[in-house]
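Based on the provided sequences and hints, a complete structural model is requested.
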Amino acid sequence: MAKNKLLIGFSVALILAIVIGILIIYLISQISPTKQFKTNKITLPGTAIKLSECIPDMGAHYANPAEMPFGPIYLVDKGKVVGIEFAINKNELEKNILSIAGEEVGKPVVMPTLGVKYDHIELSYMPKGHEGDEEAHYDVHMYLTSAKEQHQLCQ
Numbered sequence: 002m003a004k005n006k007l008l009i010g011f012s013v014a015l016i017l018a019i020v021i022g023i024l025i026i027y028l029i030s031q032i033s034p035t036k037q038f039k040t041n042k043i044t045l046p047g048t049a050i051k052l053s054e055c056i057p058d059m060g061a062h063y064a065n066p067a068e069m070p071f072g073p074i075y076l077v078d079k080g081k082v083v084g085i086e087f088a089i090n091k092n093e094l095e096k097n098i099l100s101i102a103g104e105e106v107g108k109p110v111v112m113p114t115l116g117v118k119y120d121h122i123e124l125s126y127m128p129k130g131h132e133g134d135e136e137a138h139y140d141v142h143m144y145l146t147s148a149k150e151q152h153q154l155c156q
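Position 17 (the sequence shown) corresponds to 18 in the working numbering; numbering is contiguous.
Don't read these hints as lab results, they were simulated from the structure.
Hints may contain errors.
[Said to hold, decoys possible] Lysine to aspartate or glutamate pairs mimicking EDC-like chemistry, simulated, CA-CA at most 16 Å apart:
| id | residue 1 | residue 2 |
| --- | --- | --- |
| 1 | Lys81 | Glu105 |
| 2 | Lys81 | Glu123 |
| 3 | Lys81 | Glu150 |
| 4 | Lys91 | Asp134 |
| 5 | Lys149 | Glu132 |
| 6 | Lys51 | Glu68 |
| 7 | Lys96 | Glu136 |
| 8 | Lys51 | Glu150 |
| 9 | Lys91 | Glu54 |
| 10 | Lys91 | Glu135 |
| 11 | Lys149 | Glu93 |
Predicted model only: the values in this text are computed from it and were never measured.
The structure is reproduced here in structure tokens:
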């Protein structure tokens with residue numbers, strides 16, 4: 002009889018240990034960096050308005066007016082978001098200087114990734130700006146498509 006109670010107690014403890022182990026593994030998997038990117042798709046927000054027609058190698062530009070001019074600006078081709086763009090004003094970069102231990106460094110510029118994994122990122126300096134943003138600035142394009150697919154956008 003004592004052996005049976007000991008065996009039942011051991012079995013219950015083993016089952017509890019297994020259940021707790023499974024729960025711990027599940028919780029860790031939810032905060033793991035590999036789970037950071039849940040999708041490779043961005044949905045165009047309902048608040049976005051069209052800023053430009055389709056531009057070869059980029060796509061049509063859409064944005065929420067409240068998030069302009071910094072962005073994100075959504076790059077769209079054939080109804081699908083193919084990337085996002087951020088416009089970083091050159092003067093803002095030059096004004097945002099910190100002094101750390103006597104060294105001057107620029108403040109970080111945060112560009113949200115919107116929870117997706119990008120294929121590649123392009124950085125372009127626009128010294129005279131362009132239509133829609135005439136100030137000198139840097140354009141950061143983050144593409145969901147491959148570079149080869151990017152060169153087929155708007156065709």
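Taking the hints in turn, this is what the structure says about them:
no.	hint	result
1	Lys81 with Glu105	42 Å, violated
2	Lys81 with Glu123	19 Å, violated
3	Lys81 with Glu150	13 Å, holds
4	Lys91 with Asp134	12 Å, holds
5	Lys149 with Glu132	26 Å, violated
6	Lys51 with Glu68	13 Å, holds
7	Lys96 with Glu136	15 Å, holds
8	Lys51 with Glu150	22 Å, violated
9	Lys91 with Glu54	26 Å, violated
10	Lys91 with Glu135	12 Å, holds
11	Lys149 with Glu93	33 Å, violated
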